[in-house]
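Given the coordinates of chain X, work out where chain E should sit on it, guided by the hints.
Protein chains in written order, with the working numbering: chain X, 280 to 467; chain E, 280 to 467.
By construction, these hints were calculated from the structure, which means they are not laboratory data. Among these hints, one or two may not hold up.
Same chains, same names: a pair is fine if it fits in one copy or spans any two.
Computed list of lysine-lysine pairs in BS3-like fashion (alpha-carbon distance at most 30 Å, straight line) [stated by the list, open to error]: (1) K387 with K462; (2) K419 with K387; (3) K453 with K387; (4) K419 with K313.
Nothing here was measured: the structure is a model prediction, and the numbers come from that model.
There are 2 protein chains.
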Amino acid sequence: MLLKMIAVLPFLALCAVLANGLFQNDDSLRFNSKGEMIFPAHYREWVWLTSGLGMSYNAGAEDPNPDFDNVFVSPQAYSSFLANGVWPNGSVFVLEVRASHHQGSINKTGHYQGDLEDIETHVKKADGTWAFYGFGDGTKPASMKPKSADCYSCHEQHGAVDTTFVQFYPTLLKVAQEKKTLKVENSK
Amino acid sequence: MLLKMIAVLPFLALCAVLANGLFQNDDSLRFNSKGEMIFPAHYREWVWLTSGLGMSYNAGAEDPNPDFDNVFVSPQAYSSFLANGVWPNGSVFVLEVRASHHQGSINKTGHYQGDLEDIETHVKKADGTWAFYGFGDGTKPASMKPKSADCYSCHEQHGAVDTTFVQFYPTLLKVAQEKKTLKVENSK
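Isolated chain X, as found in the complex:
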């Protein structure tokens, strides 16, 4: 029996490597001893949900130098949402803000993406509550934004599913419609 177990060890090690996926997705929600969120270093290998350009929730003139907003979600959360249309505890969203460029290389009109400017996360903690963290353009652990920050009330009031803006994620909007998990008043 012991021999059989020893024979199996290399396969178990291989499984551990393979289970980790092609990349170190690092999609667990992790905190340090101070309660700060640890930067999700591999978010670019997560599932991308959408990108917007110059989006603003306040009326006003168009930004002449708009930023791109890129949204990623942790793979486990995405998989769960496809199955159920809701976000499990431990879900992590990353908002990556990048500068836009207009003319460069062979591009003549429109906008393409440039340097990183800011990273924020929106997470559903183990107790089911949501929290925001701001990392700026760095990778140091971040403390939770205070509950008085505008992002909390805005996401609670306007999120189409839970506190998330699924109305802006075209593929997930269809999932939520099928699963009937949309707050209808926020879905358009």
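The following block gives chain E in isolation, referenced to the frame of chain X:
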């Protein structure tokens, strides 16, 4: 020996499941008996590289109703590029074109993404040659675009790495700079 092998079988099966990842990434380049490329159904779970809005390589007025261009690459190709700065045979890129919307939900200015309009792929075949396939807004197998199509000459002339527009993929541009795989004349 046979017993040991039988004992190992469940672990091998588990490995196969785990190796497939959380999703069915379906990133193998597959063709049907007619030589048509089979639609890469799970490309939204691949690695996203960038999104542009209204990008055009021809001078002219800004498009009043610009489209978003979203670019994905197969995970194996991405992993190889991170390691080497070049694309392996079997690499698959997906260009997903979506309509943009201006005002909707709580958004007042800028642009967010809407319905799918078109999907094209750019692939490095087993023999190292590149080919383009157009799927439109459907999922039927697609025949290779003729070599006379503009996309071939444009990508050959202006690609920053091989025939690909790495100059527009901000994170990969840094990789290619480090690995010294950029065609310098096409990198800006």
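Here is what the structure says about each hint:
1. K387 with K462: Classified as between: cross-chain Cα gap 20 Å, same-chain 41 Å, threshold 30 Å.
2. K419 with K387: neither (37 Å within a copy, 33 Å between copies)
3. K453 with K387: between (34 Å within a copy, 23 Å between copies)
4. K419 with K313: within (13 Å within a copy, 53 Å between copies)
Hint violations for this structure: number 2 only, all remaining hints satisfied.
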